[in-house]
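> Sequence:
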Amino acid sequence: MTGAIVVGFVDATVSGHAGDWAVARAAATGGAVELLAIVGGAVGAVGEQQVLDAALAHATDAVAAEAARLGAGGVAVSTRVDHGNPVAALVEASAHAALVVIGGESRGSGRRGLHGARIAAAARSPVVVVPAADAAGSGVVVGVDGSDVSDAAITFAAAEAARLGEPLRVVSAWTPVAVPGDFGLYPDLYLTDLAAIATANVDAVVQRVASAHPDLAVTGDALEGDPATALEEAGAGAALLVVGSHGRGAFARFVLGSVSEHVVGALPTVTAVVR
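For the sequence shown, the UniProt record's numbering assigns the number 1 to the initial residue and increments by one for each residue that follows.
Think of the hints as simulated: they come from the structure by calculation, not from any bench.
Here the structure is a predicted model, which is why all the values come from computation and not from measurement.
Warning: the hint list may mix true and false statements.
The calculated label-pair distances, taken between Cβ atoms and stated as ranges, are [said to hold, decoys possible]: (1) 88 / 188: 49 to 55 Å; (2) 51 / 210: 54 to 60 Å; (3) 211 / 51: 53 to 59 Å; (4) 3 / 204: 45 to 51 Å; (5) 133 / 27: 33 to 39 Å; (6) 95 / 74: 24 to 30 Å; (7) 165 / 189: 40 to 46 Å; (8) 133 / 189: 44 to 50 Å; (9) 28 / 80: 22 to 28 Å; (10) 28 / 200: 33 to 39 Å.
Note that the Cβ used here is the ideal one computed from N, Cα and C, for glycine as well.
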């Protein structure tokens, strides 16, 4: 991840916080930022070129003004304006980006959730979705489940927590296997062992991260319940929530895991999806 941080620019209202987040990270890591504005909607209608030209001119002016604002602190901010499919353009840009950052309309609105999920599913780089509302939380939360993708999320989250000087909370959630209604009660030892396994996995992650980042405060929780709900609730009080994409198989790059898709749609705070 040696490229610029690419910010998908829509307008200052939607993308302003995303740009601010990207510039703050670039300033801390010595990186650069590229604002990418894509004008979509072309279908070949009569008179369309005139409309498209006007939209491109407006986008060029808007992105230039935003670049001037974001670059005032000394971070290198470049711009690019084009027409086409915004999701496809950001996915293409992710191949050479350190990160792709996009704005969300507001916490929990889900209005940008679809685009965020589609971009995160196909992107080559981590994707960060930033709510339009100010995120007043603290700490970094990472969801874990023992998978390779989860390991990548842990590495990213630990690095971000160390960079921000924030504590890291490792969260895993477990649920018993669903059974027919007439099954009766789960055996006590089964539930106890599920909880013990989840706790042991979280403890192992905490120890590993603490060893790699001795100055980082790291805690862990193994929670009983739906993983998507648990992470949404944990993320609501955090400065950053990190989850793995969980794409696998032949269509891995185009499918986002249900937990990741849920938290991107709910957007409880700044949320990073890591592949």
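> Now tell me if each hint is right for this structure.
Comparing the hints with the structure gives:
1. Judged by the Cβ atoms, the range 49 to 55 Å given for residue 88 and residue 188 holds: they are separated by roughly 52 Å.
2. Checked against the hint of 54 to 60 Å, the C-beta distance between residue 51 and residue 210 comes to roughly 57 Å, which is consistent with it.
3. Taking the beta carbon of each, residue 211 and residue 51 are about 58 Å apart, inside 53 to 59 Å as hinted.
4. At about 33 Å, the CB distance of residue 3 to residue 204 disagrees with the hint of 45 to 51 Å.
5. Between residue 133 and residue 27 the beta carbons are some 22 Å apart, a value that contradicts the proposed interval 33 to 39 Å.
6. The beta-carbon spacing between residue 95 and residue 74, approximately 27 Å, falls within the hinted interval of 24 to 30 Å.
7. The beta-carbon spacing between residue 165 and residue 189, approximately 43 Å, falls within the hinted interval of 40 to 46 Å.
8. Checking the proposed 44 to 50 Å range against residue 133 and residue 189 shows it holds: the Cβ atoms sit about 45 Å from each other.
9. The given range of 22 to 28 Å is respected by residue 28 and residue 80, whose C-beta atoms sit roughly 23 Å from each other.
10. Against the hinted window of 33 to 39 Å, the Cβ-Cβ separation of residue 28 and residue 200 comes to about 34 Å, which satisfies the hint.
Taken one by one, the earlier hints fail for this structure at numbers 4, 5, listed in ascending order.
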